[in-house]
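2 protein chains.
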Amino acid sequence: MTDFDCSIPTKVFFGKNKIEKIPKEIKKYSSRILFVYGQGSIKRNGIYQKIVNLLTDSGIEYKELSGIKPNPRIVSVRQGVALCRVHSLDFILAVGGGSVIDCAKAVAAGVYYENDPWDFFTKKGDIYKALPIGTVLTLSATGSEMNGFAVISNEQTKEKLPAGSDILRPLFSVLDPTYTFSVSKEQTAAGVVDIYSHILEQYFSKEDDTYLQDRLSEGLMKTCIHYAPIVINEPDNYQARAQLMWASSLALNGILSYGKTGDWSTHYIEHSISAVTDLTHGIGLALLIPYWLEYVMDDKRLVKYVNYAENVFNIKEGSADKKARAAIDKTREFFSSLSMPSRLREVGVNENDLGAMADKTTRFGPVGAFLELDTNDVYQILKSAY
Amino acid sequence: MTDFDCSIPTKVFFGKNKIEKIPKEIKKYSSRILFVYGQGSIKRNGIYQKIVNLLTDSGIEYKELSGIKPNPRIVSVRQGVALCRVHSLDFILAVGGGSVIDCAKAVAAGVYYENDPWDFFTKKGDIYKALPIGTVLTLSATGSEMNGFAVISNEQTKEKLPAGSDILRPLFSVLDPTYTFSVSKEQTAAGVVDIYSHILEQYFSKEDDTYLQDRLSEGLMKTCIHYAPIVINEPDNYQARAQLMWASSLALNGILSYGKTGDWSTHYIEHSISAVTDLTHGIGLALLIPYWLEYVMDDKRLVKYVNYAENVFNIKEGSADKKARAAIDKTREFFSSLSMPSRLREVGVNENDLGAMADKTTRFGPVGAFLELDTNDVYQILKSAY
Numbered sequence: 001m002t003d004f005d006c007s008i009p010t011k012v013f014f015g016k017n018k019i020e021k022i023p024k025e026i027k028k029y030s031s032r033i034l035f036v037y038g039q040g041s042i043k044r045n046g047i048y049q050k051i052v053n054l055l056t057d058s059g060i061e062y063k064e065l066s067g068i069k070p071n072p073r074i075v076s077v078r079q080g081v082a083l084c085r086v087h088s089l090d091f092i093l094a095v096g097g098g099s100v101i102d103c104a105k106a107v108a109a110g111v112y113y114e115n116d117p118w119d120f121f122t123k124k125g126d127i128y129k130a131l132p133i134g135t136v137l138t139l140s141a142t143g144s145e146m147n148g149f150a151v152i153s154n155e156q157t158k159e160k161l162p163a164g165s166d167i168l169r170p171l172f173s174v175l176d177p178t179y180t181f182s183v184s185k186e187q188t189a190a191g192v193v194d195i196y197s198h199i200l201e202q203y204f205s206k207e208d209d210t211y212l213q214d215r216l217s218e219g220l221m222k223t224c225i226h227y228a229p230i231v232i233n234e235p236d237n238y239q240a241r242a243q244l245m246w247a248s249s250l251a252l253n254g255i256l257s258y259g260k261t262g263d264w265s266t267h268y269i270e271h272s273i274s275a276v277t278d279l280t281h282g283i284g285l286a287l288l289i290p291y292w293l294e295y296v297m298d299d300k301r302l303v304k305y306v307n308y309a310e311n312v313f314n315i316k317e318g319s320a321d322k323k324a325r326a327a328i329d330k331t332r333e334f335f336s337s338l339s340m341p342s343r344l345r346e347v348g349v350n351e352n353d354l355g356a357m358a359d360k361t362t363r364f365g366p367v368g369a370f371l372e373l374d375t376n377d378v379y380q381i382l383k384s385a386y
Numbered sequence: 001m002t003d004f005d006c007s008i009p010t011k012v013f014f015g016k017n018k019i020e021k022i023p024k025e026i027k028k029y030s031s032r033i034l035f036v037y038g039q040g041s042i043k044r045n046g047i048y049q050k051i052v053n054l055l056t057d058s059g060i061e062y063k064e065l066s067g068i069k070p071n072p073r074i075v076s077v078r079q080g081v082a083l084c085r086v087h088s089l090d091f092i093l094a095v096g097g098g099s100v101i102d103c104a105k106a107v108a109a110g111v112y113y114e115n116d117p118w119d120f121f122t123k124k125g126d127i128y129k130a131l132p133i134g135t136v137l138t139l140s141a142t143g144s145e146m147n148g149f150a151v152i153s154n155e156q157t158k159e160k161l162p163a164g165s166d167i168l169r170p171l172f173s174v175l176d177p178t179y180t181f182s183v184s185k186e187q188t189a190a191g192v193v194d195i196y197s198h199i200l201e202q203y204f205s206k207e208d209d210t211y212l213q214d215r216l217s218e219g220l221m222k223t224c225i226h227y228a229p230i231v232i233n234e235p236d237n238y239q240a241r242a243q244l245m246w247a248s249s250l251a252l253n254g255i256l257s258y259g260k261t262g263d264w265s266t267h268y269i270e271h272s273i274s275a276v277t278d279l280t281h282g283i284g285l286a287l288l289i290p291y292w293l294e295y296v297m298d299d300k301r302l303v304k305y306v307n308y309a310e311n312v313f314n315i316k317e318g319s320a321d322k323k324a325r326a327a328i329d330k331t332r333e334f335f336s337s338l339s340m341p342s343r344l345r346e347v348g349v350n351e352n353d354l355g356a357m358a359d360k361t362t363r364f365g366p367v368g369a370f371l372e373l374d375t376n377d378v379y380q381i382l383k384s385a386y
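Order-wise, the sequence lines are chains A and C. For the first sequence, counting from 1, position 288 maps to 288 in the working numbering; every step adds exactly one. For the second sequence, counting from 1, position 224 maps to 224 in the working numbering; every step adds exactly one.
Rather than coming from a laboratory, the hints here were simulated on the basis of the structure. Please note: incorrect hints may appear among the correct ones.
Calculated lysine-lysine pairs in the DSSO-like style (CA-CA distance at most 27 Å, straight line) [claimed, not checked]:
(1) A/K43 to A/K63
(2) C/K304 to A/K222
(3) C/K129 to C/K206
(4) C/K129 to A/K11
(5) A/K383 to A/K300
(6) C/K28 to A/K28
(7) C/K206 to A/K11
(8) A/K185 to A/K129
(9) A/K129 to C/K11
(10) A/K27 to C/K129
(11) C/K18 to A/K129
(12) A/K28 to A/K63
(13) A/K129 to C/K21
(14) A/K222 to C/K300
(15) A/K206 to C/K16
(16) A/K24 to C/K11
(17) C/K316 to A/K322
(18) A/K27 to C/K28
(19) C/K50 to C/K21
(20) C/K383 to C/K206
(21) C/K11 to A/K18
(22) A/K129 to C/K28
(23) A/K316 to C/K316
(24) A/K316 to C/K330
(25) C/K11 to A/K11
(26) C/K316 to A/K222
(27) C/K63 to C/K27
(28) A/K206 to A/K300
(29) C/K50 to C/K185
(30) C/K21 to A/K11
(31) C/K18 to A/K206
(32) A/K129 to C/K24
(33) A/K330 to C/K316
(34) C/K322 to A/K222
(35) C/K129 to A/K28
(36) A/K206 to C/K11
(37) C/K69 to A/K304
(38) C/K206 to A/K18
(39) C/K43 to C/K24
(40) A/K28 to C/K11
In isolation and in its complexed conformation, chain A is listed as follows (with noise of 0.2 Å):
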């Protein structure tokens, strides 16, 4: 276990109708606000007409930045901080997804940025100061209605990349299960895989004494297996909702991480797939999981892969090497339980591009905690799932 500083200050307000702590909240800091939202879906489930009436009851001022997408691409942030610097916007409200709440949040960074807020991505500059936020969450997937991290795509340059700091937490986050209801099966079940890796890249971490970080890992991860095929099957299941929604704040607010050290080397190479793609996250997860798993199998970490399965998967028959690879398999089900494809051929990725996305992967050096990997290594793991 190593040492860390804990720190999760997002109020969060779960439950049906919590939407409307919204005006309290907002007015402990602002009365004009940039008000985020994706690509209309909240306009058709009346979550937009909902806070239009709650804000202008309340005499906030607010104006709109919409059609944020998935993957949210950086010239909507630079639109955002430019709307917040013409209008003396001093607060935002992002409803959405993951990709609103990540957009966001650079706005919100950006803003007292003198630069370009792409450079926040490229490790250029600093985020050292943030507009407030809160969030009214309609997808669980991220995470992000409860941590600092953002994951911005930039179309020109072809890539998508992560930054983060703890002053972008959303100050508050209202998590309406009823909010996720009309979520499309494949977009839940993609979110459902989200969820699944991040507590998966947490999990497998290379510090000894971890062991209450893993059993939550563990709750969470079993968690999800569970309540998937619900959702999936009666998407107006209130407490199935409710459960997944939860974990998805709790899987990646720091509760499982602190005091040990994240893995994410799937992530980033996902990230360089969708970079080209516009691949949906969670399906690109799916699709690289299971042969990460398999790649970074040796001896030395084999104990990681024996506590998921006998803990996760109640596989408790054979040698470690079986179990551990038993538990690969039945990774690799319950994703494909989810609909998830499971080949990079099958989404539409050219093989003739996967050593440009080892490169990209590894341009700010090797990824990973866990073991490290090379570009070498990204690139044979990206030829395994072709």
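Following the hints, put chain C in place on chain A, whose structure we already have.
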């Protein structure tokens, strides 16, 4: 799963020498503080001098409130309130275990309350504002370092009562596992029972669909069981001390209870005992928990016991009833492996006092949520534990 509002703002500085962060954190709020500690162990192990040096070097003035006892007394709280008022102190630094921190919390709220702070505990007065608090933890047990609860005893009325508010959550807590190396075997064991009891009180809840919360609780219970023998036999084992220290905070910072209703009847019963006998809290809990588990078990509640048996103790054979009873036996064994007594008669409780204890436990009405207990129920549990 129920609705909830989550707020866990306490910053945690975890690791060796993290105490050095204190002056910078305090100076965000104050330069005149109340320094609260216990009966002198921090003078013997050097923490006191280290803090005095840190405060002095940073120009932070302090007044001391010392001698806080286990089962902290309302008289100490009143003393602290007076010190803050007379010397215009506006920040409280609590250095010790849960008793010292609880006392600091009551002082923090008492300063802003015009009447006697005992009112908070008898529900005659509300906590509405409090001085900011920082803590340095020296005993892994109560979780007070990351939550808003305080339990205070009144020697005159022979009462021990809880009060709480989110505004009493410490702003920061320093968790340096090396500070617990010198805790005696007995106090270490009682601390582990305290942690375990907090998890168990939240685990046994009546709501359905708390899969996520239950799996997290099981993970933390297993952590206690795994590391308890190690810290007893190797008091200087940093990793084991670290795991239990973090477990104590996570057990009661809200993560296990958001979305469900804790039971807490065993705590209420124990408070009625230790108000009279000054018994160590963890010992009282170890005594009561198995009898409570036996008393409230019935067909309706059996499924929770089966989960407990299977997931915490790996009991997979036999009927539901058999598994449940085996899990209660295992709980008893665990406490007994920590040298906990198993009968109230062994710890100086007078059989004639049981009725009065039951009355006091239910003075504000029935206790418990997994199963509501009236005065007679409590009396039956006390009698079976005698």
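Evaluation of the provided hints:
no.: 1; hint: A/K43 to A/K63; verdict: 16 Å, holds
no.: 2; hint: C/K304 to A/K222; verdict: 17 Å, holds
no.: 3; hint: C/K129 to C/K206; verdict: 33 Å, violated
no.: 4; hint: C/K129 to A/K11; verdict: 19 Å, holds
no.: 5; hint: A/K383 to A/K300; verdict: 24 Å, holds
no.: 6; hint: C/K28 to A/K28; verdict: 20 Å, holds
no.: 7; hint: C/K206 to A/K11; verdict: 25 Å, holds
no.: 8; hint: A/K185 to A/K129; verdict: 38 Å, violated
no.: 9; hint: A/K129 to C/K11; verdict: 19 Å, holds
no.: 10; hint: A/K27 to C/K129; verdict: 20 Å, holds
no.: 11; hint: C/K18 to A/K129; verdict: 25 Å, holds
no.: 12; hint: A/K28 to A/K63; verdict: 19 Å, holds
no.: 13; hint: A/K129 to C/K21; verdict: 21 Å, holds
no.: 14; hint: A/K222 to C/K300; verdict: 24 Å, holds
no.: 15; hint: A/K206 to C/K16; verdict: 20 Å, holds
no.: 16; hint: A/K24 to C/K11; verdict: 25 Å, holds
no.: 17; hint: C/K316 to A/K322; verdict: 23 Å, holds
no.: 18; hint: A/K27 to C/K28; verdict: 24 Å, holds
no.: 19; hint: C/K50 to C/K21; verdict: 12 Å, holds
no.: 20; hint: C/K383 to C/K206; verdict: 25 Å, holds
no.: 21; hint: C/K11 to A/K18; verdict: 26 Å, holds
no.: 22; hint: A/K129 to C/K28; verdict: 17 Å, holds
no.: 23; hint: A/K316 to C/K316; verdict: 13 Å, holds
no.: 24; hint: A/K316 to C/K330; verdict: 22 Å, holds
no.: 25; hint: C/K11 to A/K11; verdict: 14 Å, holds
no.: 26; hint: C/K316 to A/K222; verdict: 18 Å, holds
no.: 27; hint: C/K63 to C/K27; verdict: 16 Å, holds
no.: 28; hint: A/K206 to A/K300; verdict: 10 Å, holds
no.: 29; hint: C/K50 to C/K185; verdict: 25 Å, holds
no.: 30; hint: C/K21 to A/K11; verdict: 25 Å, holds
no.: 31; hint: C/K18 to A/K206; verdict: 23 Å, holds
no.: 32; hint: A/K129 to C/K24; verdict: 19 Å, holds
no.: 33; hint: A/K330 to C/K316; verdict: 22 Å, holds
no.: 34; hint: C/K322 to A/K222; verdict: 25 Å, holds
no.: 35; hint: C/K129 to A/K28; verdict: 17 Å, holds
no.: 36; hint: A/K206 to C/K11; verdict: 25 Å, holds
no.: 37; hint: C/K69 to A/K304; verdict: 44 Å, violated
no.: 38; hint: C/K206 to A/K18; verdict: 23 Å, holds
no.: 39; hint: C/K43 to C/K24; verdict: 23 Å, holds
no.: 40; hint: A/K28 to C/K11; verdict: 22 Å, holds
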